[in-house]
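Work out the full structure: start from the sequences and follow the hints.
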Amino acid sequence: MSINERSSIHDEVNSCACAIHDEVNSSQNDEIIDTSEAKKEKKPNRFVAWLKKIKPSKRKIVQLYSALLFNANLKGFSTGVIYQGNTKNLCAPGINCYSCPGAVAACPLGSLQNALTGQDKSTAFYIFGILLLYGFLAGRWICGWLCPFGLIQELFYKIKTPKLKKSKFTRVLSYLKYVILVLFVFIIPLLYALRNTPVPAFCKYICPAGTLEGAMGLLSNKVNESFLRMLGPIFTWKFLLMVSIIVASVFIFRFFCRFLCPLGLLYGFFNKISIFGIKLDKPKCIDCGKCISKCKMDIKHVGDVECISCGECIDVCPTKAISFKGGKISLLDNEISSQPPAVSSQQESEIIDTSEGKKPKMPVARKRKIFKSVLYSALAALLVGALVYFNFIHKNPEKADNLVGTVVEGMDIPLYDENGLTENTFNVLENTEKITVINFWGTWCGPCVAELPHFDEIASKYKDDVTVLAVHSNRLNSTATDFINQYYANSNIIFGKDFANESGKITDPEVYYTLLGGSNNTYPMTLIVDEYGIIRAHYVGSVTYEELASDIENLLK
Amino acid sequence: MSQEKLRKLHLIYGIVLSCIIIVTGICFIVSCVQIYNSGMRPFTRESIYTHFISIVVPVILCIVGIIGGMVLSLFPLEKQKIKGIIDTGVILNKMSRKIDISKCDSDTQEKIQKERKLRLFTNIFCIDALVVCIVISLIYALNKNNFPAVSINSEMVDAMLFILPCIIVGLGAIYATVLICNSSYSRELALVKKSLSTAKRESLGDGAQDVPNNRGNERFLLGARLTLFVIAVTFIIIGIFNGGMADVLYKAINICTECIGLG
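Order-wise, the sequence lines are chains A and B. For the first sequence, the positions run 0 to 556 when numbering that gives the first Met the number 0 is used. For the second sequence, the positions run 0 to 262 when numbering that gives the first Met the number 0 is used.
These aren't lab readings, by the way, just hints derived from the structure by calculation. Mixed in with the good hints, there may be bad ones.
What the hints assert, rightly or not - Straight-line distance between alpha carbons at most 16 angstroms, and here's what the computed EDC-like set of lysine to aspartate or glutamate pairs gives: (1) A:LYS295 / A:ASP314; (2) A:LYS59 / A:GLU311; (3) A:LYS157 / A:ASP303; (4) A:LYS293 / B:ASP86; (5) A:LYS299 / B:ASP86; (6) A:LYS295 / A:GLU311; (7) A:LYS164 / A:GLU153; (8) A:LYS52 / B:ASP86; (9) A:LYS271 / B:GLU45; (10) B:LYS82 / A:ASP314; (11) A:LYS433 / A:ASP303; (12) A:LYS556 / A:ASP529; (13) A:LYS51 / B:GLU77; (14) A:LYS281 / B:GLU217; (15) B:LYS80 / A:GLU311; (16) B:LYS4 / B:ASP86; (17) A:LYS278 / A:ASP303; (18) A:LYS460 / A:GLU546; (19) A:LYS278 / B:GLU217; (20) B:LYS78 / A:GLU311; (21) B:LYS82 / A:GLU311.
Next up, the structure:
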């Protein structure tokens with residue numbers, strides 16, 4: 000079918016649809032035409048028009064606000080150290096890597112995978128509850144208004160290039176995120192969890208937000224020079240993917256959100272019942288398709304799984320059938336359009352109705368104005384408070400200097416046996432007749448678990464010359480005990496526990512990890528201490544068997 | 000400057016800038032692969048700089064191009080009229096409700112039936128293809144032995160090599176179905192319209208839409224929201240007490256190097 004034929008069919012269908020739905024108010028349409036004609040008469044100055052055009056929309060301001068609020072630890076970008084405080088108990092609603100130096104909240108998708116891969120089977124409750132709550136409150140409205148990575152993509156899309164518009168092909172491609180959700184977020188992490196190996200597959204192999212905000216954010220700072228040692232195939236792959244996604248975002252609107260993001264898909268399932276979002280007044284709809292045409296996402300109809308509730312369709316709807324849900328709470332109504340919010344007849348009557356005997360009611364517009372002022376002031380205060388607290392009041396533990404060549408700190412590390420933590424301790428300084436390999440690990444940490452067999456092999460092969468001490472990071476003791484009993488019951492590794500208490504205060508400076516030069520809570524970390532108690536090697540990140548064996552052989556010579 | 004000239008200028012500028020951006024992206028990718036293949040271990044900031052310094056020209060061009068684009072937007076194009084995208088399937092369904100197909104002539108009826116059969120068979124074929132792809136993928140993905148956690152990266156590569164063709168075939172089947180069904184809808188719509196044009200307007204009825212049961216919907220919505228809210232809050236409270244919240248904190252304040260792609 001030729002384009003002309005198709006367009007003629009569209010026109011005819013359009014007119015036909017209009018005819019079928021007689022209830023469309025023709026006078027309303029006339030009004031729209033009138034106003035547009037009136038607008039045409041007034042031709043504003045080009046510069047003023049340009050200024051108006053580049054003026055950020057309300058949505059952009061909210062996006063910038065939320066991006067700043069969720070990354071309020073701005074000093075992290077200069078110090079290269081991630082925020083390690085208690086607000087990370089909470090999840091940000093959008094994708095925002097928790098290893099980003101600025102992040103002050105956890106990433107919901109990362110936390111979900113962590114919960115699924117974790118050893119405690121019951122812990123997924125919290126994150127499922129959080130996801131349900133966010134979904135119920137806002138659905139994919141979060142993607143359109145709050146997600147920092149969505150904002151990044153939209154800013155790239157603003158670059159003045161020809162754009163690839165949506166088509167049937169992109170609509171089909173949008174099903175890819177279902178595959179990613181099922182495979183990378185659920186099946187693979189759960190399968191590896193059965194092997195007691197935490198593999199957050201989406202974060203590890205796909206998430207571009209993790210690479211851009213987390214990895215690049217940390218690597219760009221000289222303080223984290225030691226991280227460069229770790230770069231390998233995974234980073235290369237993720238960097239390539241990130242560059243590809245960024246380049247694609249210049250030409251395709253929200254490339255990642257539309258085709259790859261599993262979090263958006265999860266939220267999308269709640270779009271119909273969420274409190275915030277977009278709603279369509281079906282009786283008013285004439286199926287003209289202008290909303291679908293205007294929308295840059297792959298929606299089939301307004302408010303479906305793909306809809307991010309940006310509200311751009313509100314302006315183009317000739318019958319004003321589309322509006323924001325929860326408008327009274329969000330104060331948005333149809334305000335995204337340049338027209339002033341319409342006052343309903345009921346509201347009008349409220350304003351006018353000052354009949355005898357009744358106290359005159361405060362006009363709705365005035366109430367609205369007061370409420371708006373209060374809300375905006377509270378939000379501004381929240382942001383300023385967050386910026387002041389995270390940047391000036393909260394202090395992260397200081398990074399220790401490079402300790403290679405210095406005498407190791409001695410500390411009594413409580414040891415595990417098959418029943419859990421015991422009162423027996425191990426002090427490196429009191430056991431210097433052998434070389435000591437100290438490994439800091441955690442059952443939650445994939446690479447830590449993956450490299451433990453190397454340490455086991457080292458402990459067996461050099462059992463006369465080397466002591467391997469694996470210090471478990473601060474997590475539930477039962478988790479570590481079960482893990483050790485299952486996999487390392489007959490191992491030559493000595494398993495101990497780092498010092499911090501169970502309440503989550505793991506950033507105390509007396510933690511052995513921090514005393515031995517650990518910074519940024521980067522796991523795994525390995526130190527090799529010689530027979531004189533002097534630290535000879537310090538590895539941040541995974542270490543191979545060959546590297547360990549070579550260092551030990553050199554010390555034994 | 001006339002709108003036509005301006006439109007041309009915007010187009011040419013956009014194409015040039017697109018080329019620069021794509022070239023810059025490719026340069027980044029090539030440099031990254033070169034660094035990885037160079038065999039230098041461990042990486043240092045200086046060695047990475049020496050590789051990336053070679054792409055400084057396209058990067059600068061890219062930045063200049065972006066700034067130029069901002070200047071160009073001082074001369075905006077007139078907005079084009081939005082043309083609605085009509086979902087032919089939806090329109091057809093609505094029209095079918097208004098007209099009685101059996102009143103059409105036998106030739107039209109036959110053609111309409113043919114189109115419907117075509118769509119039915121296409122959909123069945125698509126569902127079959129999808130089921131086969133999903134089953135094959137799941138057989139592989141749910142087999143524990145395919146993920147022995149010995150060399151996770153190569154296990155993932157193997158899994159992708161196996162599952163990716165299934166994904167491509169599945170998406171291809173959906174795409175083919177969408178194309179076939181859409182053209183079928185268009186053909187049927189043309190037939191229906193043809194018979195509509197001969198029929199009197201009255202046969203369409205008064206055009207009133209089926210009014211949905213709003214009260215029932217609202218009640219359902221309220222119930223669903225309340226249920227979700229209660230479940231969410233209960234889960235969160237359980238999570239706080241069973242250590243789920245502490246788990247989120249532990250993961251968030253520690254950097255798992257592999258999890259953010261550092262390796």
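Against the structure, the hints come out as follows:
The suggested pairing of A:LYS295 with A:ASP314 holds, with an alpha-carbon distance near 14 angstroms, which does not exceed 16 angstroms. Our distance criterion of 16 angstroms between C-alpha atoms is met by A:LYS59 and A:GLU311, whose separation comes to about 12 angstroms. Among the hinted pairs, A:LYS157 with A:ASP303 is inconsistent with the structure: their alpha-carbon atoms are about 25 angstroms apart, more than 16 angstroms. Restraint check: the Cα-Cα separation between A:LYS293 and B:ASP86 comes to about 14 angstroms, which is no more than 16 angstroms; the hinted pair holds.
For the given pair, A:LYS299 sits about 8 angstroms from B:ASP86 by alpha-carbon distance, which is consistent with the 16 angstroms threshold. Simply put, A:LYS295 and A:GLU311 have alpha-carbon atoms about 9 angstroms apart, close enough for the 16 angstroms limit, and the pair holds. Using a Cα cut-off of 16 angstroms, the hinted pair A:LYS164 and A:GLU153 holds, with the two alpha carbons roughly 14 angstroms apart. Among the hinted pairs, A:LYS52 with B:ASP86 is inconsistent with the structure: their alpha-carbon atoms are about 31 angstroms apart, more than 16 angstroms.
About 53 angstroms separates the Cα atoms of A:LYS271 and B:GLU45, which puts this hinted pair outside 16 angstroms; it is violated. A hinted pair counts as satisfied when its Cα atoms are at most 16 angstroms apart, and B:LYS82 with A:ASP314 qualifies at roughly 14 angstroms. Of the pairs offered as hints, the one joining A:LYS433 and A:ASP303 is violated, with about 65 angstroms between alpha carbons and a cut-off of 16 angstroms exceeded. Annotation: proposed proximity of A:LYS556 to A:ASP529 holds, straight-line Cα distance about 12 angstroms (limit 16 angstroms).
As the CA atoms of A:LYS51 and B:GLU77 are separated by approximately 15 angstroms, the hinted pair is consistent with the 16 angstroms bound. Restraint check for A:LYS281 and B:GLU217: the C-alpha separation of about 14 angstroms stays at or below 16 angstroms, so the hint holds. Taking the CA atoms of B:LYS80 and A:GLU311, the gap is about 15 angstroms. The hint holds against a cut of 16 angstroms. Taking the CA atoms of B:LYS4 and B:ASP86, the gap is about 35 angstroms. The hint is violated against a cut of 16 angstroms.
Of the supplied pair hints, the one linking A:LYS278 and A:ASP303 holds, its CA atoms being roughly 10 angstroms apart against a limit of 16 angstroms. The hinted pair formed by A:LYS460 and A:GLU546 meets the criterion: a straight-line CA distance of about 15 angstroms does not exceed 16 angstroms. Straight-line distance between C-alpha atoms of A:LYS278 and B:GLU217 comes to about 13 angstroms, which keeps the hinted pair within the 16 angstroms bound. For the hint linking B:LYS78 to A:GLU311, the alpha-carbon distance of about 15 angstroms falls within 16 angstroms, and the restraint holds.
Taking the CA atoms of B:LYS82 and A:GLU311, the gap is about 15 angstroms. The hint holds against a cut of 16 angstroms.
Of the numbered hints listed earlier, those contradicted by the structure are 3, 8, 9, 11 and 16.
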